[in-house]
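Keeping the supplied structure of chain H fixed, place chain E upon it in accordance with the hints.
2 protein chains.
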Amino acid sequence: MTIRIDYTNMMSGAVSGGISSEAWSGAREAFANARQIFVKRREGDELGFINLALDGAGIGALLGFADGTGQAFSDIVVLGIGGSALGPIALRSALRSTSWNALDDEAREYYPRLHVLENIDPVTVTSVLDRVELGRTLFLVISKSGGTAETMAQYLIARGRLQAELGEDYHRHLVFITDPVKGALREIARRDGIAALEIPSNVGGRFSALSPVGLLPAALIGIDVRALLAGAADMFTRCDSDDLASNPAAVFGTLQWLADTTLGRRNHIMMPYSDPLRDFGGWFVQLWAESLGKIQPGGTSVGPTPIPALGVTDQHSQVQLFMEGPLDKTVTFLVVGQRKADLEIPRLHDDIPELAYLGGRTLADLLDAERRATAAALSQRGRLNMTITLDSIDAHHVGGLIMLFEMATIYAGGLYGVNPLDQPGVELGKRFTYALMGRPDAVDAKREWDAIREPEQRWSV
Amino acid sequence: MTIRIDYTNMMSGAVSGGISSEAWSGAREAFANARQIFVKRREGDELGFINLALDGAGIGALLGFADGTGQAFSDIVVLGIGGSALGPIALRSALRSTSWNALDDEAREYYPRLHVLENIDPVTVTSVLDRVELGRTLFLVISKSGGTAETMAQYLIARGRLQAELGEDYHRHLVFITDPVKGALREIARRDGIAALEIPSNVGGRFSALSPVGLLPAALIGIDVRALLAGAADMFTRCDSDDLASNPAAVFGTLQWLADTTLGRRNHIMMPYSDPLRDFGGWFVQLWAESLGKIQPGGTSVGPTPIPALGVTDQHSQVQLFMEGPLDKTVTFLVVGQRKADLEIPRLHDDIPELAYLGGRTLADLLDAERRATAAALSQRGRLNMTITLDSIDAHHVGGLIMLFEMATIYAGGLYGVNPLDQPGVELGKRFTYALMGRPDAVDAKREWDAIREPEQRWSV
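Order-wise, the sequence lines are chains H and E.
Add 288 to the 1-based position in the first sequence for the working numbering, that's all there is to it.
Add 288 to the 1-based position in the second sequence for the working numbering, that's all there is to it.
Keep in mind that the hints were calculated from the coordinates and are not lab data.
Predicted model only: the values in this text are computed from it and were never measured.
One or more of the hints may lead you astray.
Same chains, same names: a pair is fine if it fits in one copy or spans any two.
Straight line, CA to CA, 20 Å or less: simulated EDC-like cross-link-like pairs of lysine to aspartate or glutamate [stated by the list, open to error]: (1) Lys628 / Glu334; (2) Lys328 / Asp528; (3) Lys470 / Asp639; (4) Lys628 / Asp656; (5) Lys734 / Asp653; (6) Lys718 / Asp732; (7) Lys470 / Asp710; (8) Lys328 / Asp530; (9) Lys470 / Asp638; (10) Lys734 / Asp656; (11) Lys628 / Glu394; (12) Lys470 / Glu486; (13) Lys718 / Asp653; (14) Lys718 / Glu421.
Bound-form chain H, shown alone (with noise of 0.2 Å):
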């Protein structure tokens, strides 16, 4: 496996305004004060993500779950939301197909669609469960606490659908994944005799990829997920170092906020040059942004924007904006060294010399001359650019790269000086939907709620 970052463009050397040499070894103090903090952290137990790809607990027990239940389905359907839809979605976009459920069972090797209900929207919701045959569908209520609001009420609707459809066989299309003592869910699963499996306690759900709310969904459309775990054994071990320029994690931490605290460069753009990779784009603005986007313990509102964008694509729509834009952004370009597959382009039109100089050359080989040179346009004008490459887009590597940034997201919370591992920002809206919604038990929000006072003026048009 190789996974490997090129930040010579961030570097002064090479992009007028970018990081000084002597800045980025000034930064090595602020990097060993960042590992301490992890360090501690681990010590600690806080960081279960480590565990699962170090230990591999609990896979076997996953694996033969898969295997002995999973080719009884026509269609996978996962109900959950942020980070117990973005790994699975993410893992199916760059390991399967990013049109998987739209291949015929042949295509898909006979193992199931997956379809990933992340929002609550019913024209949605109705239209994946009225298109999948409930006696052939299985439910994955994921939700780490076991109460997430969206997804117990998306639990509900199917369980009432599968109750009224299959009788005392509903328990058999339904399979939790939550913490393995509390919450809701844990307790039905007891109760009702529903399989469950379980998020440790110490994984958070932005870093639950490499967990079963990723592995099941995985495993069960054919996802080699032990390769998934082994690289990212092999990425923890290159970054669980004090050293910042042989530990890629704590570049990519450390960079970022060197950027944005010394140079103003707060938008950090994710854009892989690849369709397969293209949803890895939100899996990781979750991971970057809920980690960060924090007060600090003084009261200072901190945190980077990342932002999804895709290549070429984005050519023809951001690149405009990064290009002459305000200097405030880095761009992270994701990039795969040997593609699945290739499309020699035709020579047709060989008199046509917009079309002629195509004739002849691969796709690969277009996207890849348009990468190159939009990288190299951006930095001619002092744009901060940053290039990830992998050798190929397989488990090993894929493993790898989730790991890369949940190490580089611990270090860069070291750096910005919060928490990654808490969200309590969140913790207001959910009170006002309780007010809202009438849970008997929200009584203070219920109270906050009625104290919000109405502005004395409304403005609209």
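Structure of chain E alone, referenced to chain H:
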């Protein structure tokens, strides 16, 4: 039709640190100036997107073409990128289904599937080309300039396959949508007798959703394109006004500009609480980013960064950052009054408080409660937000929404002091691509590329 913007939560009366009444009154003058620039552009016939809605020119022919050919095909494949792809995708998701291509013939009312190849990743291109039956597939080759590298490459591959499989019949499976006079596609259409529709010369890619670029794909899958245009025309009437307070496009554009330039709220989140409107976000991102991310004539880089989000999904991903991160964002909620479907949540587990309160309510209830809760929570924490409400998602409203944002973009261009119709920043990357692909006429580009100095030190890990 009603499309309403409630911007109370952008203002200091409701949100601490918001726009003051004085600043808002003061902005009238800036808008008056932007309005003048708009009027001049309109008089100079630069704003063809307006005529598309008002004239409906060519719509009869387009509908005739769609009726005559549409039913012969099971699959439509759009070959296009940027503005040639984002409009068709947004229309398909909003007005048909986010999973249109996964529906069976009956659920699609026997309209064809619509694939949009907006990238050149060979993995995706291969997957789509292998999946469709060429004899029942129509390729729409969409390029304003008629020479877009990515689209030309796709076209050559598709044409090669069509000729190999269908012989001389190939040309019945191709339609070009391009400039009326110029460009390689126009030349090929003439020479080889391939059907070609026109993108008016004064309609740029990102303003082309209501030209044949968006309308032909829409018509082919049964969307009411006359209603799209009528909705856009209605909205234009509201937006063609000197009075800031009653002009929705002016209000949206001026608020965002004020929030950016006077309050540092430069990141503009577009957050529909609706799956069908999700892809509208991608369309908006191109429009806002590519139109406004510019270097002013004086040499200053300006431009807001549009960011897509989705409610409620992103409450579990980006909202932590929106709530606690730096005060550099505005959030625009896109809300639907009447959804096409709703689902009641059954009363099960009445003894478990995490689930009991949901029983008897509907998914739309929960979705709306969460949106109101999120807006209120953001407001409490000084995070500016506004809410755009559509009565329902139908062609009339979607046409109106498109016109609203197109007009807002033109006004915002005037406010930011940039030309919203060009995209000079992408030229350098294009030249470098030509150099790397060895295009024979790219002599200057090759020299420019070769002149790039290799940095003294490369940095990698």
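| 20 Å Cα cut-off: does Lys628 pair with Glu394 within a copy, between copies, both or neither? | Answer is within; shortest intra-copy Cα gap is 18 Å, inter-copy 34 Å.
| message | Cα distance capped at 20 Å. Does Lys718 pair with Asp653 within a copy, between copies, both, or neither? | response | Close across copies (15 Å), not inside one copy (48 Å); limit 20 Å.
| query | Under a CA distance limit of 20 Å, which applies to Lys470 and Asp638: within one copy, between copies, both, or neither? | reply | Between copies only: 18 Å across chains, 68 Å inside a chain, cut-off 20 Å.
| Using 20 Å as the alpha-carbon threshold, which applies to Lys328 and Asp528: within, between, both, or neither? | within (13 Å within a copy, 61 Å between copies)
| How would you classify Lys628 and Glu334 at a CA-CA limit of 20 Å: within, between, both, or neither? | Result: close neither inside a copy nor across copies, 38 Å intra and 45 Å inter.
| Identical-chain pair category, Lys328 with Asp530, by Cα at 20 Å | within (14 Å within a copy, 62 Å between copies)
| message | As a check of your reading, is Lys734 near Asp656 (CA-CA no more than 20 Å) within one copy, between copies, both or neither? | response | between (55 Å within a copy, 17 Å between copies)
| How would you classify Lys718 and Glu421 at a CA-CA limit of 20 Å: within, between, both, or neither? | neither (34 Å within a copy, 49 Å between copies)
| When no copy is specified for Lys470 and Asp639, does a C-alpha distance of 20 Å or less occur within a copy, between copies, both, or neither? | Answer is between: at 16 Å across copies they meet the 20 Å cutoff, but 70 Å inside does not.
| Homomeric proximity label, Lys470 with Asp710: Cα distance no greater than 20 Å | Within. Shortest intra-copy distance 18 Å satisfies the 20 Å Cα cut-off; inter-copy 56 Å does not.
| said: If the cut is 20 Å between Cα atoms, do Lys734 and Asp653 qualify within a copy, between copies, both or neither? | reply: Classified as between: cross-chain Cα gap 17 Å, same-chain 59 Å, threshold 20 Å.
| query | Between Lys628 and Asp656, at a C-alpha cutoff of 20 Å, which is it: within one copy, between copies, both, or neither? | reply | within (15 Å within a copy, 43 Å between copies)
In summary, the structure is inconsistent with hints 1 and 14 from the numbered list given earlier, while agreeing with the others.
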